[in-house]
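Undergrad: Next come the chains, spelled out residue by residue.
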Amino acid sequence: MGSNMAENHPVGFQWVMEARERGAKVIHVDPRFTRTSAMATKWVGIRPGSDIAFLGGVVNYILQNELYFREYVEHYTNAPVIIDEAYVDTEDADGLFSGWDPEQGQYDVTTWSYEGMETHGAAGQREEGYSPKGEQSGHGGHGGGLKHGEPPSEDPELTHPRCVFQILKRHYQRYTPEFVAETCGVSVEDFAYVCEALVQNSGRERTSAFCYAVGWTQHTVGVQYIRTAAIIQQLLGNMGRPGGGIMALRGHASIQGSTDIPTLYNILPGYLPMPHTENYGSFDNFVQANVAPTGWWGNFEEYWVSLMCAYFGPEASSENDWLFDHLPRIDDDNSVYWTLEQMLDGKVRGYIVAGENPAVGNANGKAHRLAFANLDWMVVRDVVEIESASWWYDSPEIESGELKTEEIPTEIFFMPAATHTEKDGSFTNTQRLLQWHWQAVEPKQDCRSELWFYFHLGRMIKSKLKDSQEPRDLLINKLHWDYPTHSAIREPSAETILKEIGGYEVESGEPLPGYKKLKSDGSTACGCWIYAGCYQNGINQPARKKPHWEQDTHVAPEWAWAWPANRRIIYNRASADPEGNPWSERKKYVYWNGEQETWEGIDTPDFDETKPPDYVPPDDAKGPDAIAGDHPFIMQSDGRSWLYVPQGLEDGPLPTHYEPQESPFDNPLYSQRANPRRQQHKDADWDPYNPIEGEPGFELFPHVLTTYRLTEHHTAGGMTRSIPYLAELQPAFFCEVSPELAEEAGLENGGWATVYTSRSAVEARVLVTRRMKPQTVRGRVTHTVGLPYHWGQRLLTAGDTANDLLHAALDPNVHIMETKAQTCGIRAGRRPRGKALTEFVESLRAQTEKTRPEPEETRKT
Amino acid sequence: MTSIMEPSGVPAGYEAWGDDQHARVGFFTDTSVCIGCKACEVACKEWNLIPADGQDFLAQSYDNTGELNSETWRHVAFIEQEKPLRADDGAVGLRWLMESDVCKHCTHAACLDVCPTGSLFRTEFGTVVVQEDICNGCGYCVPACPFGVIDKRDMKSTANMGHQPDLPSFLGKKEDGRVWKCTLCYDRLKGGHEPACAKACPTKSIQFGPLDELRERADQRLEKLQDEGWNGAQLYLRDPDDGIGGAGAFFLLLDDPEVYGLPPDPVVTTAFLGQMWTNMAAAAAALAVGVVGGFVFGGRK
Amino acid sequence: MTFPESTVAKDRYAMGLADLLEHWPVVRQLRDGDPLGLGPAVQSQRSKTLTPRIDEAEHVVQSICPYCAVGCGQLVYVKDGEITHIEGDPASPVSRGRLCPKGQASRSYAQSPLREYKVKYRRPYGTQWEELSLDDAMEMIAQRIIDTRAANWQDKTDDGKPANRTMAIGNLGGATLDNEENYLIKKLMTGLGIVQVENQARI
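Protein chains in written order, with the numbering used here: chain A, 1 to 861; chain B, 1 to 301; chain C, 1 to 203.
All the given hints hold, so there is nothing to weed out.
Here are the simulated lysine-lysine pairs, DSS-like style, with alpha carbons at most 25 Å apart:
no.	chain 1	residue 1	chain 2	residue 2
1	A	Lys25	B	Lys83
2	A	Lys545	C	Lys79
3	C	Lys161	A	Lys347
4	A	Lys347	C	Lys156
5	B	Lys152	C	Lys48
6	A	Lys499	A	Lys516
7	A	Lys499	A	Lys546
8	A	Lys519	A	Lys622
9	C	Lys156	A	Lys462
10	A	Lys42	B	Lys83
11	C	Lys156	A	Lys466
12	B	Lys204	A	Lys546
13	A	Lys42	A	Lys773
14	B	Lys224	A	Lys42
15	B	Lys224	B	Lys83
16	A	Lys478	C	Lys161
Pair ranges (Cβ atoms, derived):
no.	chain 1	residue 1	chain 2	residue 2	range
17	A	Trp15	B	Ala23	27 to 35 Å
18	C	Asn152	A	Asp94	39 to 47 Å
19	A	Trp15	C	Gln45	42 to 50 Å
20	B	Lys224	A	Glu585	22 to 30 Å
21	A	Arg830	C	Ala151	41 to 49 Å
22	A	Gly509	B	Ala23	53 to 61 Å
23	A	Thr598	C	Thr51	51 to 59 Å
24	A	Arg830	B	Asn136	44 to 52 Å
25	A	Val781	C	Asn152	52 to 60 Å
These aren't lab readings, by the way, just hints derived from the structure by calculation. As the structure is a prediction and not an experimental result, all values here were calculated from the model. Beta carbons are placed, not taken as given, at the ideal position from N, Cα and C, and that holds for glycine.
Construct the complete structure from the given sequences, taking the supplied hints into account.
TA: Shown next as structure tokens:
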């Protein structure tokens, strides 16, 4: 679900096909019948934006029919934990959880806690408004208050009305098969098929896996989509076991790596939080605010200090608090759409874009291009001249007259980049595998790697500022920036940087074997604690390429290196039962060897190697020692997986069905229509939203719009629209519509259609196909218009940009936009050109009377 | 002696290789696992450095290649059907068939029979290959092919290619004019490598190997699919007794060949050539059949 | 250097080249038992000596596909400093030598006819690209960062809390880059007090 694996990960899909040939059931739940659906045992066509209703229905089916994996649920999840009595569920408050503050538009999460728990860190920092925002921050168990890793109140019988299990049961009891059918536009029979298949293929002997991609993340309630699958997988006992899990199919070569070693605003390497502007008072207080008393986040200080030693070398010391007082601070969502808004306001003056094409790839493309015209300077690094480099002379806004080249002040540097074949380095793939690629040829002329660009840029800046006494220049001058270079162009050594990432002993320079060796006294340096050990024994572990046929098991541990500790399945202690025995011979993976008193198996055990299954932590235990021997989820402060999330999420402890920002329907469950916590750009005019039902102009945008990729192209097209052999395979921007919609709108196969929203209008060739199925939802037929988003104004195949149509309302946890379910109108023929295009879109907006509805949550609550 | 007039199970010219002969190899293309990714099309072009084929949006499902021709030696057909994938699976009633088509490397290959220059020949692997240094572009082979595979290239050999380090600049500036088709990667076979398309294929829909083994594998595969109730599963060109003596590249289809744009019962267009010696009129008629056949199947879009 | 290949072909089809016989085709037809001239008798000189260009590579480099995050293994064949071919690396337990159309087109990506090899510069209000040396471009970019940062530095927030940052510069991109590159980007930007560092993880 939420993924089109055959099309977007074709080579990974070989394993799915192999499983199908060996009898596995492959189910594809997706709005479109895609190349994945064509290969599946079963396709279920679901209405875009209704996945939580569907998955919540599965949860309900499992609970109502008592089909959960009792032993797993009781021991490994937080099902028995009793929740604070102040907690109020959406089912009892018409779509809002307790703690909703309509003024602030956010939740006070204190009532979501475990009963009897201090919800705040010892130093109490969080109470004063510090809440880590955004992707991955908080990551599990930062929460304090647990003594020896156990929640204060539990009911192992799972019958207490306020235990997680019972809350869960009540929360989903209205998600009946009939509700699912009505809301998602599927049949009761198809839904039952999915439920039965999942249940029949889970348990001791069997496991089921979910594969998802941005079809789940790109919603205003995206994180909760994935959470719902996580609840199912916990109830069925499918986490930490071979053939189970939830597979995030990521779409860029190192998008996993660029999250682990983040080029993200809110985290530092290894998911350490960027410090907040909050006045911590001292470094110790900062540590206290972030360290978890129990679980692996108990070693927060070790990870932090080692990172600072990698960043600043000998300049960081315990005397200067590892330079903590000089680090930059964040206090807001500083993600890409926030930056866009700042850019439109003229607050951002310079922008560096490296290997990304936001003019095509980001929602509301027009806003991005207009924003670029507000910059003083911009650097674009790519292998071809992408739309984000050429916008100042050939963008749609130049055509429409909204921008005039000679009036744009932005100074632009286009810097030709090197390809993967022209540099050494590692990518982290979608299963956390660091894989090294060796340089094959020298980059030509001015082409350079990002490694070269940023290293020499930093070197030049440091050199220019070296005598500065300005306080602002202290940190950059202390930055450890000394890497050996090679070849005529002075390319920095990628292996040296990998060694810094993997960690080393400061005094000897010896690479570290793993994160357990990290110290908080400055004796170890490590650029990313979860990658610690990737250079152990002085060997470039990601570059290990032992052929799979020379390895003993299918796990193939000597091919590349997985973080952490070369573990291929995390939380794999859950592949054994509470006593440490494999759940079944068939699913044997990691287990306790009572004679040797050690965990063993075909993978690196994700547990203290010698901690026995019957280990009970003493009352004063801290950190990893506070996790019991039968609690596999060691990153969590209670060692359990969370069916119910007491903290760390912005929009609720349990996933709830909300309609997308734009949808043809209201919410069948609540008067609260959409996620109340979603981020909208309410005070700007660049992101108008289509009206919802009952608002003027609703009928202008009656269809659901969804965007996606094709096998033949890659994201915003810079790496594929530049290749003749790929351009010819998908040579035009097109829209996919059902024969029914084609008939209704007068569209001809192969002809042209104009698709429009409040943001813009684009033209696309028409592909009429039965694979787009009209859906009947609550008695109403709805059509979906499908648009691949690879095209822009340039390169070998050019076309309008689907993202120009999209608004940028965001998921509140990770600030990801809702590309998968918006609304639109469609008509036959090509779009208006030049000035007429702007006029056309303005006329649409005029018909909606008020272009921006009052947020309905304040209206209705 | 093998004769083109008396088709037998052995490809003409193959036995003449004597000690240099290798086991006859081919492709078994199993469409039941084809995901339509077109890796085969690209792998073929990348290996053989074929000029780009031009950009036409065809509005035929996801097929924008259209056909096999001089610039496309692997072509993935996409067929959308309102039919269940399996006979007992009444609920869906929608399936999307994908099939990677290629030169069939016929046992009895009319293109080879009619080639007057010896450009087309039977290799030591039993495959049919155009020798680009011999072909003079006469084009006799084009209508002879019952599948419309072989095609003349009208463009310059170096056109639209960017810089290709080792593309032969054949005869410099004149129009190409020669015929081109799948060689079953003759050069790769000589080096002991499997053909590029088969190597790339993510799901092993394209399988390469000795023809005997492939036929055996295909029979087992068909049996499995039939047991599982797959709708319309059938082997195409696997049978050595068919009109072309069986193909070196054969297929497992999920519907009748016509659905994929393939001739249902192809016959080597030179099958009746023998009568030419005794009946010129019959020979002329046979030739006409060949020409018409070439148009019928070659014109497939 | 050579690599094992997953094909059955290696042993079965590897061969030495037959002795080259230069004869008139008709003679060869008769002598070779190929009277119709359909097989060996008409084999051209080129066909006889044909060698796959991957066998002529000077070196082969193990690489990883730059497109999606499956991380398929690639073999990059190089001759005379140019990539002559890229295909799947059979040794990879992830991909087993297979590639999708994008991965298979990686050579064409690196050698795209649209590939840019020179720095291009557009001055404020300029109407066309201008040439600029790489050294000058680097010097100018370094200076722009220093100046913009100095002019837009926040020691403290409006309400007096520590900030140590500039909100006037952003850096976008990373998911298509190497881990080591991402590491340097975040490290440098943090050192410079630039916090608006983002990548494709959100798109």
